[in-house]
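**Q** Order-wise, the sequence lines are chains B and V. The C-terminal residue of the first sequence carries number 712 in our numbering, and the numbering is unbroken. The C-terminal residue of the second sequence carries number 712 in our numbering, and the numbering is unbroken.
Hint data in this document are derived by calculation from the structure and do not stem from the laboratory. These numbers come from a predicted model, not from an experiment. Some clues are possibly wrong.
It does not matter which identical chain is used: a pair holds within one copy or between any two.
Listed next, the in silico BS3-like pairs over lysine-lysine satisfying Cα-Cα at most 25 Å (straight line) [said to hold, decoys possible]:
hint : residue 1 : residue 2
1    : 558       : 375
2    : 682       : 250
3    : 130       : 37
4    : 309       : 689
5    : 340       : 422
6    : 477       : 342
7    : 257       : 342
8    : 422       : 226
9    : 348       : 111
10   : 256       : 111
11   : 383       : 342
12   : 266       : 226
13   : 594       : 558
14   : 477       : 250
15   : 309       : 558
2 protein chains.
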Amino acid sequence: GSDLELKCINTIRVLAADMVQKANSGHPGAPMGCAPMAHALWSSVAAGGAGRVHSAKSPGWWNRDRFVLSNGHACALQYVMLHLSGYEDCSMEQLKQFRQVGSRTPGHPENFCTKGVEVCTGPLGQGISNAVGMAIAAKHLGATYNTPDFNIITNKTYVICGDGCLQEGISGEASSLAGHLGLGGLIVLYDDNNITIDGNTDLAFTEDVAKRYEAYGWHVQTVGDVANGLGDLQKAIEEAKKVTDKPSLIKVRTAIGYGSPNKQGSESSHGAPLGDSEVAAVKDRLYGCDPNEKFYVPEDVAAFYKEQADEADAARVAWEAEFAKYKEAHPDKAAELERRFNHEMPEGAFYDLPKFVFGKDKANATRKFSEACLNAVAPKFPELMGGSADLTGSNCCQIKGAKDFQKHSPEGIMVRFGVREHAMAAICNGMFAYGAFRPFCATFLQFAGYALGAMRCSALSKFGVIYIMTHDSIGLGEDGPTHQPVEMLESLRAMPNMNVFRAADANEMAAAYEMALKNVHTPSVICCTRGTVSPLENSTKEKAMRGGYTVVEAEGDSAPDLVLVATGSEVWRCVDAAKALQSEHSIRTRVVSMPCQEIFLEQDDEYRNSVLPGNVPTLSVEASSEHGWHRFSHAQIGLTRFGMSGPLEELFVKFGFGAENVAAKGKEVVDFYKQRGGNVPNLNDRPHFVNFTGPDH
Amino acid sequence: GSDLELKCINTIRVLAADMVQKANSGHPGAPMGCAPMAHALWSSVAAGGAGRVHSAKSPGWWNRDRFVLSNGHACALQYVMLHLSGYEDCSMEQLKQFRQVGSRTPGHPENFCTKGVEVCTGPLGQGISNAVGMAIAAKHLGATYNTPDFNIITNKTYVICGDGCLQEGISGEASSLAGHLGLGGLIVLYDDNNITIDGNTDLAFTEDVAKRYEAYGWHVQTVGDVANGLGDLQKAIEEAKKVTDKPSLIKVRTAIGYGSPNKQGSESSHGAPLGDSEVAAVKDRLYGCDPNEKFYVPEDVAAFYKEQADEADAARVAWEAEFAKYKEAHPDKAAELERRFNHEMPEGAFYDLPKFVFGKDKANATRKFSEACLNAVAPKFPELMGGSADLTGSNCCQIKGAKDFQKHSPEGIMVRFGVREHAMAAICNGMFAYGAFRPFCATFLQFAGYALGAMRCSALSKFGVIYIMTHDSIGLGEDGPTHQPVEMLESLRAMPNMNVFRAADANEMAAAYEMALKNVHTPSVICCTRGTVSPLENSTKEKAMRGGYTVVEAEGDSAPDLVLVATGSEVWRCVDAAKALQSEHSIRTRVVSMPCQEIFLEQDDEYRNSVLPGNVPTLSVEASSEHGWHRFSHAQIGLTRFGMSGPLEELFVKFGFGAENVAAKGKEVVDFYKQRGGNVPNLNDRPHFVNFTGPDH
Ligand SMILES: [Ca+2]
Ligand SMILES: [Ca+2]
């Protein structure tokens, strides 16, 4: 490469080393090794690079070529590139604040913190899987909104990833699907540096990665050492761009910590600052420049990247002119695209959600109600795109009449994810990150445990992915405890920014869908039963949208003798139990349905206390871990063990969720406090306070 | 094949179809398609099979060839084979009780329910990954206990798996590692039937599986249609046995639901009974026998399998004679093997666990205490074998002086799992299932979310795997929220049969290790801090072994004014807060440390009430989701949002876990109830009852 090319690459290396050194924390090795790849991705074709288009002035420009740093620990690299390209969030001041509380340059990339960062990466394997979602999104959107006269969506998705990402199973799942789908818009640069945290990759990772990716149906190339210039990298990227029916992997031989006289090529440069003297030695060795100068960008380097950024942005300017013409020619399509990218609700969005009429409509499984709701909103929300991990029928998540998204039908909206739950969730994250999508995906609730790493990324990244999780309790029945969730509801409820719905009937399911779609930046898990639930007489969508409400009031005007609080398939059993308690023991029983704890907790104190008074004996009933229910109830009917294989109604009785046991235990609770002179500890009599101090990002 | 061979295979098919039909639930297609493979695995070499050794009379015989049905939904097949081989748990009566409550033939294989079943399979990808663990176990044990004159451990591990298992990322992780380790004892038969639940594998799975496995370093063979006899399958198995330095994949073309005139080769035979008339048609078509005869085993078929079972068992009889001689020649080795397989504690097992002397020993991170404890017990427990998912140094889980288990050093006990958390946990399950091991593994607590599917299998299967999970809170610091666990402690606490430890100091860590090792059938998660904790003055291992205890008592003899309850790195901060509350506000404060909620909850009422009286204002402090703490406390300092990137001490203060905020909030809690006339709702005043009715398995 030219002298300037090498100078640019070395500037990146030294800046990254400075950042890590000043923070006294972080990962210098990967940025130094990957600097040539970053240089290629931030340079025009004329300058020997990839000609990736993006815009520092408008980081959210729809048709930007996405970039994902899958090895997120190398984020100093990404911040440096954003800085050199003029992104506001990565000022030199922010580079100096790397990894500090409240900075825009946190220890791993965070999409909600730094403009120019597409997704949260760091948990290995997520980024490359997100990128598969982005490539799906681009391909589908292009197929749907481009016209013979206008190509509005044409962007590519670039990834840098390391061995760590490729060892994770999630990346194998996503890559297999990407190959199957022939995602030509996806180009992955593999930082093949032979080093992992523990040492040489020989310790645990000796497979033939290139061959594996060929087996997935990818276009695979290998590029030799790029330490001192791009060499054949540009040629390989150009080749990759030409292959439009396969995703591309370019295996690039790099050296971790390149330029560090004592740590280059060693795991010692991976996860700790190099040390002041070693950073100085890098500067000396790479530049022959002043080892004491810190955070230094030579003028010609700054000018170079400014020029590259301007050229990248010129594409955006041209695109905007083009889009203005598109808007004139195709106003409906343009308006819909704008609505989708702005996450605005379509007109009459929820008008067709089913309303269950008691005594008229038929009892059914809540997964069937979910299917009805999904199909009611889908025609209004073309941004609803997704599918199941090979359980389409069981999950009841087929949008009627919708085509599959496949290699030769990119306009389809149903994605066949295969038996790949973790990648499925990560792909949905990528589609959401792309913009203009409300992805949904489905499996058995139990197998949320396979996808949790990516579901957490939905919550953290504020991606309103919709998870349809059926077979949500021991009510799964005969498949047995390997398939019956016990702890999963509590796992998800304990996760910040994740709404967990468990509807008891069709009206509550309608509420779940409306809330899920309205909460654009909170993912939702819609839990559904396999088995039939009896309809509730007094449920409405509006009541259910408060998260919890009284579904059966106790007789008389004074406070009830007992409150039963339940979710999903347990609610109607509580209604039956309440009737029995009244008729057999004159115990005046209120039944509360709690389709979403998170939303109930967001209601004001007055409303919450009106539903759950706290000083009335309260029994919670949920066919799941009782772990978190002590907040809402004095006693619990729940699970403290795993389920069993058997017919579901038998299991409900065996585990104590039959109406008869609920009534018996309800009476016990009432008697327990009666014997104590009616002294019921008030569950609501608790102080509340905020502990988080100071400003957030 | 011979007429008898085909008759045997068809008998298996028809029995499995009968079971599913009678249960009116289950998966007939896979057993019918896989029947030839099962026939091969349950037949001697002379009879055209694999000559797999096992013992119906002694199902736990150490040197049996393990068999794992990774596609566990095909379990009717396994129960049929166990029945035909004379395994007591699978009597004809039990075959008729398939999928019924309390039967020995549940809807997916359960190791704790059915003798002859090695592991719980059904969650796809687990079984094949468990098998990798079994092959590691066998290889290590053979290398350690075989002598030039005696080969005591020589068994192989056989697997049947389907496309579902091979689509899951976990199997890719495990298979890559198996190839790296050259596990020649592992032979996988891949049921290549071109069908998944959603339909043809063309929908989502078109990769070249054989090539992928070659890329992993496996020995790969393809066998054509076996529907009407074993064809080349025996030859392929013999070849696989000869390859001792690579695991083997044999891709076998099968037809799902083979024999069903209307459903063969279709996904409609996968997950639902064929229907009475279709089962009758199968009988007619396959046999020309009475379509109304159910659960029928022709005499010659019964005799054949009895003969095979006897031959397989003869190996066990011979082995026992051999082992008797081994025992004479190598009494120490034999005794250790027996102790290991019996899960007996070694002599002086816990004698060397460190005792922290307050005022003398140095403060440190609890991950360093974990390292000390691991190294204290490791010399006594050679059955402790494991390692980290590429974070050995950060997890502090290196056993000093121990060699790596690698292809050419199978006697090593440190496993380099690579960046493969999910497979790591599943491999540990396989090692535990093998017997004679107490596997341990390590990663950051946050990445338990990647491994949860397999960790749950540890708990369900009663496998006492030890999980060392470091960086257990926002105290991870600069790496930021992608790496900081929030919900993970609660996820794991909500899981049945999983003990979650979070030690506050070295003595509590010793308790965690002793309890983890003693609880052979309960997995343990040992959560550790990255940062230094101040030592506690009054902690002891013995107190900590009760799960929760008073670590600082309030001044004076009467009940305290306030109880602070905390875990791990928050305990010493509470101790500081308690001092401030006493000195500044004369609030007499007890501090309770709760290293293990599960074990605390197992203590008797009297003890629990003596530690947490319930009617004293109680504030819990844990740098994690507050979700489950309402049970133990009136108010919580916890997390309801994700963390941030920054230095750990700053984060603790920002999120309210500094001693100053703990003291301030402690005072608020006291004042809150004072204003209410001292009326403190008693958290212990709750009825408790058991809901589970009738006998367990
Ligand atoms: Ca690497
Ligand atoms: Ca299949």
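**Q** Next, verify each hint and record whether it holds.
**A** Checked hints:
Taking CA atoms no more than 25 Å apart as the test, residue 558 paired with residue 375 passes inside one copy only; the shortest distance there is 20 Å, against 62 Å between copies. Taking identical chains as interchangeable, the C-alpha atoms of residue 682 and residue 250 are never at most 25 Å apart, the minima being 77 Å within one chain and 68 Å between chains. In the homo-oligomer, the alpha carbons of residue 130 and residue 37 lie at most 25 Å apart inside one protomer (23 Å), although the nearest pairing across protomers, at 60 Å, exceeds that limit. Taking the shortest Cα distances, residue 309 and residue 689 never come within 25 Å of each other, neither inside one copy (74 Å) nor across copies (58 Å).
In the homo-oligomer, the alpha carbons of residue 340 and residue 422 never lie at most 25 Å apart, since the shortest distance is 30 Å inside one protomer and 64 Å across protomers. Neither within a single protomer nor between protomers do residue 477 and residue 342 lie at most 25 Å apart by alpha-carbon distance, with minima of 30 Å and 62 Å respectively. When the C-alpha separation of residue 257 and residue 342 is checked against a cutoff of 25 Å, the pair qualifies neither within a copy, at 29 Å, nor between copies, at 68 Å. Taking the shortest Cα distances, residue 422 and residue 226 sit within 25 Å of each other both inside one copy (22 Å) and across copies (22 Å).
In this assembly of identical chains, the alpha carbons of residue 348 and residue 111 never lie at most 25 Å apart, being 44 Å within a copy and 60 Å across copies at closest. For a Cα distance limit of 25 Å, the shortest separation of residue 256 from residue 111 qualifies neither inside one copy, at 36 Å, nor across copies, at 59 Å. Proximity of residue 383 to residue 342 under the C-alpha cut-off of 25 Å is found in neither arrangement, the shortest distances being 39 Å within a copy and 63 Å between copies. Proximity of residue 266 and residue 226 under a CA criterion of 25 Å is satisfied in both settings, with 11 Å inside one chain copy and 18 Å between copies.
In this assembly of identical chains, residue 594 and residue 558 lie within 25 Å of each other by CA distance solely inside one copy; the values are 22 Å within and 48 Å between copies. In this assembly of identical chains, the alpha carbons of residue 477 and residue 250 never lie at most 25 Å apart, being 38 Å within a copy and 55 Å across copies at closest. Proximity of residue 309 to residue 558 under the C-alpha cut-off of 25 Å is found in neither arrangement, the shortest distances being 60 Å within a copy and 53 Å between copies.
The structure is inconsistent with the numbered hints 2, 4, 5, 6, 7, 9, 10, 11, 14, 15, although it conforms to all the rest.
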